[in-house]
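Going line by line, the protein sequences match chains U and A. Following the UniProt record's numbering, the numbering of the first sequence begins with 1 at its first residue and continues without gaps. Following the UniProt record's numbering, the numbering of the second sequence begins with 1 at its first residue and continues without gaps.
Source of the hints: derived by calculation from the structure; they are not laboratory data. Values in this document were obtained by computation on a predicted structure and should not be read as measured data. Glycine is no exception: its CB is placed at the ideal position from the N, C-alpha and C atoms. Certain hints may be false.
To be verified - 20 Å max Cα-Cα, derived EDC-like pairs, lysine to aspartate or glutamate: (1) A:Lys104 / U:Glu43; (2) A:Lys128 / U:Glu43; (3) A:Lys282 / A:Glu250; (4) A:Lys128 / U:Asp40; (5) A:Lys104 / U:Glu117; (6) A:Lys131 / U:Glu110; (7) A:Lys86 / U:Glu43; (8) A:Lys86 / U:Glu56; (9) A:Lys105 / U:Glu56; (10) U:Lys42 / A:Asp176; (11) A:Lys92 / U:Glu43; (12) U:Lys245 / A:Glu73; (13) A:Lys86 / U:Glu217; (14) A:Lys165 / A:Asp176; (15) U:Lys245 / A:Asp176; (16) A:Lys128 / U:Glu107.
Said to hold, decoys possible - Far from chain A, some chain U residues (derived; all Cβ distances over 10 Å): (17) Asp4; (18) Lys7; (19) Asn53; (20) Arg54; (21) Leu99; (22) His112; (23) Val113; (24) Met114; (25) Leu116; (26) Met118; (27) Ile122; (28) Val156; (29) Ala193; (30) Tyr223; (31) Glu247.
Unchecked claim - Here are a few chain A residues that sit away from chain U, every Cβ distance over 10 Å (derived from the structure): (32) Thr3; (33) Asn26; (34) Glu69; (35) Tyr84; (36) Lys105; (37) Ser133; (38) Asp233; (39) Ala266.
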Amino acid sequence: MENDPWKIPYPSDKEIEEQTAHIVRSAFPKRRSFLSQVRDIKEQMGWMYLFPNRSELIFTAIVIALLIGSLSFVVANEYEGARILYSYIFFTSPLPIVLLTLYAMYEKREKHVMALEMTMKITIFQIIALRMLSFSGVALVVSMTSSFVLAANFDVPFLRVWLISLTGLFSFTALLLGLLTRGDVWRRTWGAAIGWVVINATLVLTHPENYRLAVFELPLIIYTGILAIAIVWCFYTFAQTMTRKQEGLGLC
Amino acid sequence: MLTIRNIGKTYGSFTALKEMNVQFENGIYGLLAPNGAGKTTLINMLVTLIRPTSGEILYDGKSIHAMGERYRELIGYLPQHFGYYKHYSPRKYLRYIAALKGMKKSGVEKRIDEVLELVALSDVKDKKMRKFSGGMIQRVGIAQAILADPQILILDEPTAGLDPKERARFRHMLSDLARNRIVLISTHIVSDIESIANEIVMIRDQTLLYKGDIATICQSLQGHIFETTMSFDEFPSFRKDYLTLEEKQEQGRMIVRFYTEQPPKADWSSVVPELEDVFLVKYASESMKG
Numbered sequence: 001m002e003n004d005p006w007k008i009p010y011p012s013d014k015e016i017e018e019q020t021a022h023i024v025r026s027a028f029p030k031r032r033s034f035l036s037q038v039r040d041i042k043e044q045m046g047w048m049y050l051f052p053n054r055s056e057l058i059f060t061a062i063v064i065a066l067l068i069g070s071l072s073f074v075v076a077n078e079y080e081g082a083r084i085l086y087s088y089i090f091f092t093s094p095l096p097i098v099l100l101t102l103y104a105m106y107e108k109r110e111k112h113v114m115a116l117e118m119t120m121k122i123t124i125f126q127i128i129a130l131r132m133l134s135f136s137g138v139a140l141v142v143s144m145t146s147s148f149v150l151a152a153n154f155d156v157p158f159l160r161v162w163l164i165s166l167t168g169l170f171s172f173t174a175l176l177l178g179l180l181t182r183g184d185v186w187r188r189t190w191g192a193a194i195g196w197v198v199i200n201a202t203l204v205l206t207h208p209e210n211y212r213l214a215v216f217e218l219p220l221i222i223y224t225g226i227l228a229i230a231i232v233w234c235f236y237t238f239a240q241t242m243t244r245k246q247e248g249l250g251l252c
Numbered sequence: 001m002l003t004i005r006n007i008g009k010t011y012g013s014f015t016a017l018k019e020m021n022v023q024f025e026n027g028i029y030g031l032l033a034p035n036g037a038g039k040t041t042l043i044n045m046l047v048t049l050i051r052p053t054s055g056e057i058l059y060d061g062k063s064i065h066a067m068g069e070r071y072r073e074l075i076g077y078l079p080q081h082f083g084y085y086k087h088y089s090p091r092k093y094l095r096y097i098a099a100l101k102g103m104k105k106s107g108v109e110k111r112i113d114e115v116l117e118l119v120a121l122s123d124v125k126d127k128k129m130r131k132f133s134g135g136m137i138q139r140v141g142i143a144q145a146i147l148a149d150p151q152i153l154i155l156d157e158p159t160a161g162l163d164p165k166e167r168a169r170f171r172h173m174l175s176d177l178a179r180n181r182i183v184l185i186s187t188h189i190v191s192d193i194e195s196i197a198n199e200i201v202m203i204r205d206q207t208l209l210y211k212g213d214i215a216t217i218c219q220s221l222q223g224h225i226f227e228t229t230m231s232f233d234e235f236p237s238f239r240k241d242y243l244t245l246e247e248k249q250e251q252g253r254m255i256v257r258f259y260t261e262q263p264p265k266a267d268w269s270s271v272v273p274e275l276e277d278v279f280l281v282k283y284a285s286e287s288m289k290g
């Protein structure tokens, strides 16, 4: 008989398994590792679109050229030899990164592209973080090369110059990323840039000996420790920036 | 379905939007309001640029802010002031937007060709946008908004800078697109949406005034819109007493379309209200303020 009241349609074992797997998949989506997320976004964006403005690259090149030029000037005039060199390297290492960030934000505001780009799947924070990561990679190479050149020409130990440069770079990058995760990117980048210059200038002017001692005399092992902390801090703030939600932040 | 549930937005003591409740299903919605009524605030909330101070916006029952990137993947947005990189060509710019939207690389080139064809920019797809006219730039803006085939398309003043032919093409394109998505068009130009919008949303005094189809909205003025003919000398005093909606000169006399709640006079002829009439009547006090 076709209409058997006792016959209840029941899914097969295979159907039950598929449905269960589907429910579990939906309830507990597979979490991708943080590094794979970073790699995916980087592959999605590509180098060209991480720096969409050609003028940003020109601007960066000019800033780096100016810094190298002024470094040559400082060293050539032999004001205080290695002492001033170390302070100078510590102070100027993060400047390209902050100037580039400020310039990029200025360009986005000036070209009115922010309103649209803030509504995209890839957040403005992910782009900033990836740009900084890329730039840090470039800065590592530049810093190593310039430290090597300086050590070869001006009787300063390579390792100290390099460590000072990296400490300045990573400390500032971590500080900047930490500030940016709070939103209001434009104002906070300015704040960080001005803060870095003012604090360093104040220390140089008010406690010149202590400042020089801290940069010049600090044992390398302490510098290495500070650098390690800065790198860990930098990666922590990088992760924070990559996962920062951008909803409700207006035009940053 | 996109649900706006009791949302409000305040900036200190200034209220930009209050107690707004609307639901959008697939179709074209025209968002009509004068400047300062809260239109841009509403759009900024729908595209997640700002958060409501109160209430919530839901997409298929889920908070759009909690959905995060999953919601942003669903939207296509054309801002009122569309910005772009001048040294990019339309094709390169759309590749950039596709990357930001997280589109799969395999289908991007084909899709770019499709949308550029839709907005009639195929011939100039590799030319730098630096030399483009305002209308061409606006068409690039429309192309980027539809690039990822969004479920929710939000266009803020999309026809600004388009010539009549381009406007007509735009209307046809939207009619096709709206079959399986929500399209919200914010505009001052009533004629742009009159022929294509399924429903009109009107905002006044920072809250929803009307939401309904054009016929229903126009019905609210039935019996209050008239036309009459008069001499030029009579017109200034007539304008003081009545809200005039349209005037034209014909054979040395004025033909005036106007709104009144008074009983009709013998030389007035009742006419069918149009959306433009509703807009002018409902926002008459705003234009007086202006």
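Comparing the hints with the structure gives:
1. For the proposed pair Lys104 of chain A and Glu43 of chain U, the alpha carbon gap of about 11 Å is at most 20 Å, so the pair holds.
2. Of the pairs offered as hints, the one joining Lys128 of chain A and Glu43 of chain U is violated, with about 25 Å between alpha carbons and a cut-off of 20 Å exceeded.
3. A distance of roughly 28 Å separates the Cα atoms of Lys282 of chain A and Glu250 of chain A; the hinted pair therefore is violated under the 20 Å criterion.
4. Note on Lys128 of chain A and Asp40 of chain U: the hinted pairing is violated, with a Cα-Cα distance of about 29 Å set against a maximum of 20 Å.
5. For the hint pairing Lys104 of chain A with Glu117 of chain U, the CA-to-CA distance comes to about 18 Å; that is within 20 Å, so the pair holds.
6. Pair hint Lys131 of chain A plus Glu110 of chain U holds up; C-alpha atoms about 18 Å apart against a cutoff of 20 Å.
7. Among the hinted pairs, Lys86 of chain A with Glu43 of chain U is inconsistent with the structure: their alpha-carbon atoms are about 25 Å apart, more than 20 Å.
8. The hinted pair formed by Lys86 of chain A and Glu56 of chain U meets the criterion: a straight-line CA distance of about 14 Å does not exceed 20 Å.
9. Of the supplied pair hints, the one linking Lys105 of chain A and Glu56 of chain U is violated, its CA atoms being roughly 25 Å apart against a limit of 20 Å.
10. Between Lys42 of chain U and Asp176 of chain A the alpha-carbon distance is near 35 Å, which puts this suggested pair outside the 20 Å criterion.
11. A threshold of 20 Å between alpha carbons decides the hint, and for Lys92 of chain A with Glu43 of chain U the separation of about 17 Å falls inside it, so the pair holds.
12. Of the pairs offered as hints, the one joining Lys245 of chain U and Glu73 of chain A holds, with about 14 Å between alpha carbons and a cut-off of 20 Å not exceeded.
13. Note on Lys86 of chain A and Glu217 of chain U: the hinted pairing is violated, with a Cα-Cα distance of about 51 Å set against a maximum of 20 Å.
14. Our distance criterion of 20 Å between C-alpha atoms is met by Lys165 of chain A and Asp176 of chain A, whose separation comes to about 17 Å.
15. Straight-line distance between C-alpha atoms of Lys245 of chain U and Asp176 of chain A comes to about 34 Å, which puts the hinted pair past the 20 Å bound.
16. Among the hinted pairs, Lys128 of chain A with Glu107 of chain U is consistent with the structure: their alpha-carbon atoms are about 18 Å apart, no more than 20 Å.
17. Against the 10 Å criterion, Asp4 of chain U stays outside the reach of chain A, whose nearest CB is about 39 Å from its own CB.
18. The Cβ of Lys7 of chain U sits about 37 Å from the closest Cβ of chain A, beyond the 10 Å cut-off, so the non-interface label holds.
19. Once the 10 Å rule is applied to beta carbons, Asn53 of chain U is inconsistent with being away from chain A; the minimum gap is 7 Å.
20. A Cβ of chain A approaches the Cβ of Arg54 of chain U within 10 Å, the least distance being about 6 Å, so the stated non-interface status is violated.
21. Interface exclusion of Leu99 of chain U from chain A stands, the closest Cβ pair being 20 Å apart, more than 10 Å.
22. With a least CB separation of 3 Å from chain A, His112 of chain U falls inside the 10 Å interface cut-off, contrary to its annotation.
23. Chain A draws Val113 of chain U into its interface by the beta-carbon criterion, the shortest separation being 4 Å against a cut-off of 10 Å.
24. Here Met114 of chain U does not stay apart from chain A, with its beta-carbon only about 7 Å from theirs, under the 10 Å limit.
25. The Cβ of Leu116 of chain U sits about 6 Å from the closest Cβ of chain A, inside the 10 Å cut-off, so the non-interface label is violated.
26. Listed as a non-interface residue, Met118 of chain U fails to keep its Cβ farther than 10 Å from every Cβ of chain A; the least gap is roughly 6 Å.
27. For Ile122 of chain U, the condition that its CB be more than 10 Å from all CB atoms of chain A is violated, with the nearest at approximately 5 Å.
28. Every beta carbon of chain A lies more than 10 Å from that of Val156 of chain U, the smallest distance being close to 42 Å; the non-interface claim holds.
29. The claim that Ala193 of chain U is not at the interface with chain A holds, since no C-beta of that chain comes within 10 Å of its own (minimum 24 Å).
30. Here Tyr223 of chain U stays apart from chain A, with its beta-carbon at least about 39 Å from theirs, past the 10 Å limit.
31. With a closest Cβ-Cβ approach of about 4 Å to chain A, Glu247 of chain U is found to fall inside the 10 Å limit, against its non-interface label.
32. Non-interface status of Thr3 of chain A relative to chain U is upheld: no Cβ of that chain comes within 10 Å, the nearest being about 17 Å off.
33. Every beta carbon of chain U lies more than 10 Å from that of Asn26 of chain A, the smallest distance being close to 21 Å; the non-interface claim holds.
34. Its beta-carbon lying about 5 Å from the closest one in chain U, Glu69 of chain A breaks the requirement of being farther than 10 Å from that chain.
35. Its closest Cβ contact with chain U, about 7 Å, brings Tyr84 of chain A to no more than 10 Å, contrary to its assignment away from the interface.
36. Against the 10 Å criterion, Lys105 of chain A falls within the reach of chain U, whose nearest CB is about 8 Å from its own CB.
37. No Cβ of chain U approaches the Cβ of Ser133 of chain A within 10 Å, the least distance being about 17 Å, so the stated non-interface status holds.
38. The beta carbon of Asp233 of chain A sits about 49 Å from the closest Cβ of chain U, which is more than 10 Å, so the claim that it is off the interface holds.
39. Interface exclusion of Ala266 of chain A from chain U stands, the closest Cβ pair being 55 Å apart, more than 10 Å.
Of the numbered hints stated above, those contradicted by the structure are hints 2, 3, 4, 7, 9, 10, 13, 15, 19, 20, 22, 23, 24, 25, 26, 27, 31, 34, 35, 36, listed in ascending order.
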